[in-house]
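Line by line, the protein sequences give chains A and B. Mapping the first sequence onto this note's numbering, position 150 (from 1) lands on 150, and the numbers just tick up by one. Mapping the second sequence onto this note's numbering, position 357 (from 1) lands on 357, and the numbers just tick up by one.
Possibly wrong hints are sitting among the right ones.
Claimed, not checked - Estimated spans, in silico, between C-beta atoms of each pair:
| hint | chain 1 | residue 1 | chain 2 | residue 2 | range |
| --- | --- | --- | --- | --- | --- |
| 1 | B | GLY168 | A | ALA143 | 52 to 58 Å |
| 2 | A | THR242 | B | GLN334 | 27 to 33 Å |
| 3 | A | ALA83 | B | ARG237 | 25 to 31 Å |
| 4 | A | ALA139 | B | LYS41 | 55 to 61 Å |
| 5 | A | LYS335 | B | THR250 | 39 to 45 Å |
| 6 | A | GLY399 | B | ARG237 | 20 to 26 Å |
| 7 | B | GLU103 | A | ALA83 | 34 to 40 Å |
| 8 | B | VAL148 | A | ASP43 | 30 to 36 Å |
What the hints contain is simulated information worked out from the structure, not anything from laboratory work. We treat Cβ as the ideally placed atom computed from N, Cα and C, and that holds for glycine.
Listed here are the chains, written in short residue letters.
Number of protein chains: 2
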Amino acid sequence: MKSYLIGAFLLAAAPALAQQPAAPMRSVDPQVAALRDAALKDDIAWDIVEGLTTEVGQRLAGTEAEARGRDWAIRKLRALGFANVHVEPFDMPTWIRGPESAEILAPFPQRLVVAALGNSASTPPEGITGEVVGFDSLADLQAAPDSVVRGKIVFVSHAMQRTQDGSGYGFFGGPRRQGPTVASRKGAIAIVIRSIGTDYHRNPHTGVMTFAEGVKPIPAGALTLPDAEQLQRILSRGQPVTMRLTLVSTTGRGRSGNVIAEVPGRDPRLPPILVGGHLDSWDQGTGAIDDAAGIAIVTAAAKRIMNARQPLRTIRVVWFGAEEPGLFGGFAYQKAHNEPHYAMAESDFGAGRVWRVNSKLGKDREPEGRALQAALAPLGIVPGKLDQADGSDIGPMIGAGAPGVELSQDGTHYFDLHHTPDDTLDKIDREDLRQNVAAWTAMLAVLSGGIQTEPKRPRRR
Amino acid sequence: MKSYLIGAFLLAAAPALAQQPAAPMRSVDPQVAALRDAALKDDIAWDIVEGLTTEVGQRLAGTEAEARGRDWAIRKLRALGFANVHVEPFDMPTWIRGPESAEILAPFPQRLVVAALGNSASTPPEGITGEVVGFDSLADLQAAPDSVVRGKIVFVSHAMQRTQDGSGYGFFGGPRRQGPTVASRKGAIAIVIRSIGTDYHRNPHTGVMTFAEGVKPIPAGALTLPDAEQLQRILSRGQPVTMRLTLVSTTGRGRSGNVIAEVPGRDPRLPPILVGGHLDSWDQGTGAIDDAAGIAIVTAAAKRIMNARQPLRTIRVVWFGAEEPGLFGGFAYQKAHNEPHYAMAESDFGAGRVWRVNSKLGKDREPEGRALQAALAPLGIVPGKLDQADGSDIGPMIGAGAPGVELSQDGTHYFDLHHTPDDTLDKIDREDLRQNVAAWTAMLAVLSGGIQTEPKRPRRR
């Protein structure tokens with residue numbers, strides 16, 4: 001359990017920050033500070049994440065389980081007193097996991113633990129059998145002559161490293177995102193990768209991938225880290241390695257939807273502030289940190305503002321559907337709501353504490369970004385950039401120019417759990433969750449009600 | 001990576017020990033100290049544990065996999081130069097895991113992760129369905145009226161706590177060992193327990209249980225800790241909970257065996273020193289810490305003595321078969337070798353460092369026990385009792401009066417991995433493994449060659 005200093009700047013204690021130019025920080029509206037600090041005792045977010053993961057469990061996009069999640073969401077959001085609670089449905093392609101296994105037949109017979117990647121082609125129920133050819137990285141696979149790969153099961157063992165901000169996910173995720181396409185183009189019959197993850201438990205990391213246009217889909221799976229290293233050791237003996245790989249899946253069409261709820265603003269003509277997360281999850285855990293925690297955090301913060309006062313601007317809470325298979329909810333929202341937003345922000349990087357605030361509100365609104373930094377600093381949150389923000393479902397809208405805020409969560413341990421059966425409620429630290437709610441409450445308090453643009457009592461640090 | 005002080009007593013730094021009466025410690029034979037310290041750079045044990053877990057993998061008792069393990073053992077022990085390498089086979093009942101799953105059908109449909117306990121009755125392939133009745137402990141189940149249990153699936157959520165010496169395994173293991181019998185007697189159709197384990201990963205802990213005579217076998221499984229707590233939360237909602245439980249298994253007869261190898265002593269008439277571990281493992285991991293590490297440690301230590309000099313007494317290395325389902329190898333050895341042993345010791349509590357030495361060599365040999373303590377202290381090993389020792393396969397023989405030594409491993413994290421799919425090579429710390437080899441080498445050096453009973457240069461601490 002951690003405790004957070006309340007009402008005191010932690011900046012002086014942070015060595016990295018101490019080296020930054022000491023820009024004088026604005027003072028914080030006492031009402032904002034009070035809302036923020038009260039949220040450090042929040043129980044609303046825990047209630048949501050506990051309820052959704054217990055009473056619904058996994059919520060694979062486009063399935064009946066996700067639909068039960070939407071029903072649960074509607075009931076919960078209405079019970080919390082939100083206005084305009086409704087679903088905006090959309091159709092989408094579905095991919096559903098079936099039986100899966102990986103077995104070394106020779107030279108050392110044994111089973112490995114594997115999970116299919118989303119959009120993997122299906123093997124027959126009895127699996128396919130082939131010789132394994134191993135590569136240390138996507139680049140090595142790309143450089144290999146087709147003749148080395150043709151007819152084989154490709155194995156890429158590229159190892160992910162931890163980062164706090166998750167910035168390695170792009171690079172280390174290459175074998176998952178591009179590997180299957182590259183392998184198929186070279187004539188491989190299947191591909192297994194070392195999980196894009198950082199833990200040593202026998203729970204593989206799934207995740208979506210898409211074959212490039214015109215490329216023949218092949219079965220694609222992820223081994224756990226212990227299994228991937230086992231396969232490396234087996235290959236290192238220098239004998240031909242034969243694997244039977246069974247990755248059965250089915251595809252079709254399904255219905256998903258975005259669940260929307262609002263805290264109506266005093267001036268309904270003003271553009272709303274969108275805060276969101278995604279309701280769907282992968283199928284093997286209960287989607288606790290990905291992303292029940294996210295929707296719980298933003299909903300609790302909105303609820304706390306609702307309880308305190310009517311904000312000037314409408315706060316719109318969106319529980320996006322079908323994020324995991326490809327941001328279907330985000331794109332559906334963008335299409336349906338092609339209108340100005342005052343700001344948008346999404347919580348979708350686990351349940352670790354917020355360590356940094358970035359924003360991209362536009363050049364003329366940088367003072368507002370600085371006011372946000374000042375309001376968040378007492379939570380131990382580093383002032384980040386003023387010209388940068390990102391999010392998953394909202395990413396394309398921010399890319400298209402929507403003003404964005406990013407409350408960066410600590411992702412040091414995120415990829416221990418990401419897309420695995422281990423993404424369950426017990427992984428969430430309640431105090432970290434509360435710090436998140438406090439950060440989002442402060443952010444909404446600053447943005448929703450008009451801001452204090454002039455420092456009242458500048459203080460030196 | 002840890003480093004161990006070499007040739008220096010760590011006792012002064014251990015607060016608990018500082019409070020013990022400061023018995024003057026014997027000096028250590030320089031040859032023993034040299035052998036011990038050289039073993040801190042051992043690579044033999046790693047080679048064995050890496051090889052066995054990679055080239056054989058899991059080694060379920062009585063199966064073809066365990067037989068491959070014996071073949072591997074014979075090759076390895078001969079290659080290492082041991083004498084009299086042979087198998088002493090025996091027959092045994094087998095229990096083999098089939099498909100297994102647990103599914104909540106109502107009120108909140110979702111899958112839980114389960115593993116059958118060894119000797120569980122088999123369900124039909126389509127599983128059985130029943131209402132779940134939960135108990136917080138074995139005592140609560142025992143106290144329940146039959147009418148509450150009859151026709152139900154019993155769930156016991158008793159939570160294990162960590163201990164360094166593993167002493168909680170007896171108490172906390174009750175739901176696994178006695179729970180199925182108690183539940184069956186009360187008319188339950190099946191039982192699932194919270195895993196006897198201390199980790200929060202979705203890898204259930206299996207382990208053997210035996211129905212009491214005359215009790216009808218019922219299906220019995222273990223849920224992971226995240227799943228057990230999920231089931232508790234679901235039950236806490238107060239609605240009837242229906243579960244479909246599939247635990248398919250098959251039983252039969254199989255062949256196992258003890259693999260034996262020796263370092264012949266200079267005087268073959270003297271009783272041998274037995275050091276052992278067990279070759280078999282549970283079926284879901286690769287049996288790295290349970291117990292490839294154990295046989296690797298004792299074998300490496302014996303090999304190091306062999307390389308250094310011919311010991312006075314024969315050292316007999318035993319890789320017991322079929323420990324997990326009920327010490328079949330230990331009993332077979334006891335029956336075949338009803339003869340005096342100079343001492344026996346077994347390594348079967350993971351791969352954590354040795355933190356304590358106990359011995360039970362007999363009242364007249366307590367000086368030898370003290371010499372052992374002195375030789376081991378520089379490795380940071382606490383002097384334990386002189387009238388106590390235990391082991392798994394050798395437990396019954398020690399109970400029957402055989403002299404025993406116990407090099408206690410640190411088990412604080414042992415039950416994170418014990419009997420789970422997570423028992424894999426990556427969990428072993430090479431430096432901890434080396435400290436084990438050094439301890440066993442020192443122990444064998446003291447016991448195998450005649451000991452120094454008089455202190456040469458008493459030193460005060």
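Quick rundown of the hints versus the structure:
At roughly 53 Å, the beta carbons of B:GLY168 and A:ALA143 sit within the given window of 52 to 58 Å. Distance hint for A:THR242 and B:GLN334: a CB-CB separation of about 42 Å, inconsistent with the stated range 27 to 33 Å. Checked against the given bound of 25 to 31 Å, the beta carbons of A:ALA83 and B:ARG237, roughly 28 Å apart, stay inside it. Range check, A:ALA139 to B:LYS41: about 37 Å between beta-carbon atoms, so the 55 to 61 Å window is missed.
Between A:LYS335 and B:THR250, the C-beta spacing of about 55 Å breaks the proposed range 39 to 45 Å. The hinted range of 20 to 26 Å is not satisfied by A:GLY399 and B:ARG237, whose Cβ atoms lie roughly 42 Å apart. Between B:GLU103 and A:ALA83, the C-beta spacing of about 38 Å keeps the proposed range 34 to 40 Å intact. At about 33 Å, the CB distance of B:VAL148 to A:ASP43 agrees with the hint of 30 to 36 Å.
Hint violations for this structure: numbers 2, 4, 5 and 6, all remaining hints satisfied.
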